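Going line by line, the protein sequences match chains X and L.
Numbering-wise, my numbering puts 67 at position 67 of the first sequence, and it's gapless, one number per residue.
Numbering-wise, my numbering puts 67 at position 67 of the second sequence, and it's gapless, one number per residue.
A couple of the hints might just be wrong.
Said to hold, decoys possible - So the derived label-pair ranges between C-beta atoms look like this:
hint, chain 1, residue 1, chain 2, residue 2, range
1, X, Cys-267, L, Lys-99, 29 to 35 Å
2, X, Tyr-196, L, Leu-94, 35 to 41 Å
3, X, Gln-191, L, Asp-62, 48 to 54 Å
Unchecked claim - In silico lysine-lysine, DSBU-like type, Cα no more than 35 Å apart, as pairs:
hint, chain 1, residue 1, chain 2, residue 2
4, X, Lys-237, X, Lys-116
5, X, Lys-259, L, Lys-25
6, L, Lys-84, X, Lys-262
7, L, Lys-25, L, Lys-61
8, X, Lys-259, L, Lys-76
Keep in mind that the hints were calculated from the coordinates and are not lab data.
A quick note: this is a predicted structure, and the numbers were derived from the prediction, not measured.
Where is the CB? At the ideal position from N, CA and C, for every residue including glycine.
Okay, here's what each chain looks like letter by letter:
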Amino acid sequence: MKRNFIFKGLKTSSLTYLIAVAVLAMAVYSCNKSVNKSNTALSAEQVKQIAAAQAPQANTSDGTVSQVVTIANIRKSGDGSVTEVMFSRMAELFKVLDPVVETGLRDAFARNRAIKVTVNPWTGIVLSFTMLSEQETAARLSGGGMVSSGGTTINLSTFNHDQLNSPEALGVINTTVPELTNVVPDMATAQLMFDYIAHQCCAVPGPYSIDYCISFQYCEDGCYARAQKMCWIINTKYNYATHKIFSFANSGSDELCVKAEKWGGCCVNWWYHVAPLLNIKTTTGTQAFVFDPAMFDQPVLLSTWLHAQENPACVPSGDVPHVSMINIQPTTSYSPSTYSGYSFDTDPAFSNTDTTMVHYGPLLTCP
Amino acid sequence: MLCLFFMTFFNFAAFAHKGHKTKIKFVEAGMTVAKVRPANNEETFITIIFQQSARFYKIPKDSNPAFLELLKDSEKNKTEVLIKRADEASDIILGVRKK
Chain X
1 MKRNFIFKGL KTSSLTYLIA VAVLAMAVYS CNKSVNKSNT ALSAEQVKQI AAAQAPQANT
61 SDGTVSQVVT IANIRKSGDG SVTEVMFSRM AELFKVLDPV VETGLRDAFA RNRAIKVTVN
121 PWTGIVLSFT MLSEQETAAR LSGGGMVSSG GTTINLSTFN HDQLNSPEAL GVINTTVPEL
181 TNVVPDMATA QLMFDYIAHQ CCAVPGPYSI DYCISFQYCE DGCYARAQKM CWIINTKYNY
241 ATHKIFSFAN SGSDELCVKA EKWGGCCVNW WYHVAPLLNI KTTTGTQAFV FDPAMFDQPV
301 LLSTWLHAQE NPACVPSGDV PHVSMINIQP TTSYSPSTYS GYSFDTDPAF SNTDTTMVHY
361 GPLLTCP
Chain L
1 MLCLFFMTFF NFAAFAHKGH KTKIKFVEAG MTVAKVRPAN NEETFITIIF QQSARFYKIP
61 KDSNPAFLEL LKDSEKNKTE VLIKRADEAS DIILGVRKK
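For reference, chain X alone in the conformation it holds in the complex (with noise of 0.2 Å):
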């Protein structure tokens, strides 16, 4: 009687035993799976948090960091003790703390005019901020860009190839205000912008100058959100005027096709490509010469850019590598509305931009 009660409670504590073995187990398998299946998709909450973390990049070794803003709001926290301001194109919010900042934000943000604002990340805190003129404010709510010229249509079958690198044959000369200078005094400079645009990479490991690291590194897609970003750089960091160029596979089974020689040397294929437009005064002459630190690791000449797009190793069956139209675009344009690529959107809050660079920022060309 006594053995049987023994081997019965054994029995049992055995069978308990195990059940919680198997059910902790189970448990902690359904949690590991259920935290891999979240990182699948992008929920509107983690892009959020996404464009927080990488919102305000240190870029002085203090820490501390300085970009043109415009004032979203300004207000009192809860309690009431401290002065709170949003910028429009930053996550964090910031507090100010001293007085005269306060109110020179306040009449910056009564006149709607945008600032140059240093804030601490870390702390929160807003140090100092300079206005820009009502020009420059323009300028900023219009996209960041300053050119003024209408576009230029090209038809590059009727166009005479000799003179697709001049600038005064594209109509990208004289055409800007006068606040951005018109030609890259030389190739030296032009390598410094380069290069200072290609360390912006989201492949490269931060932290990076700018609010959102660009995502060079996946060219399938968002090359309108990479030349706007390059063009706000261009003319806000470096004061040189811009253009875009845009490329078309928009006639027949016309495709754009890309070997991402820099990304794993697979083929990618576009209907339209963008990318900025500058001058450059070479040993031979002012050129037209483009900033694709996608495709390339150095400025390149116009034909150059758009002979890469009509590469015949990555042509899909049955179609053609023809770039079938270029258009030339004032910095504001961002994106083609119709398929004839006549028209154009913009995104002058760079609400678009920023929402690209935060999808494609962790993406790989050729996984």
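Place chain L on chain X using the hints.
Frame of chain X; chain L shown alone:
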């Protein structure tokens, strides 16, 4: 025993949570069709071009015919439709619905 009860309960909760995540692993975005390119004879898909993207997207020829209708309506009326794909990097259209 109480511990066991809670462990069992949380385990079921974790299973339910896992099932929910599986449902939202696709990405869906509002996009406007710029062009529907008819398929070549040997191709098994139709090429779709969107205003919001520079790349080409594909919808299998044997997809739900209603999807293609919605895409053609979007091209004609320049209205956004919701495009479902497996993930952000995919160019295959899995579903189309009205926004």
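Structure-based check of all given hints:
1. X:Cys-267 x L:Lys-99: 29 to 35 Å: The hint (29 to 35 Å, Cβ to Cβ) holds, given that X:Cys-267 and L:Lys-99 are roughly 32 Å apart.
2. X:Tyr-196 x L:Leu-94: 35 to 41 Å: 40 Å, holds
3. X:Gln-191 x L:Asp-62: 48 to 54 Å: Given a distance of about 51 Å, which is inside 48 to 54 Å, the answer is holds.
4. X:Lys-237 x X:Lys-116: 12 Å, holds
5. X:Lys-259 x L:Lys-25: 30 Å, holds
6. L:Lys-84 x X:Lys-262: 30 Å, holds
7. L:Lys-25 x L:Lys-61: 24 Å, holds
8. X:Lys-259 x L:Lys-76: 33 Å, holds
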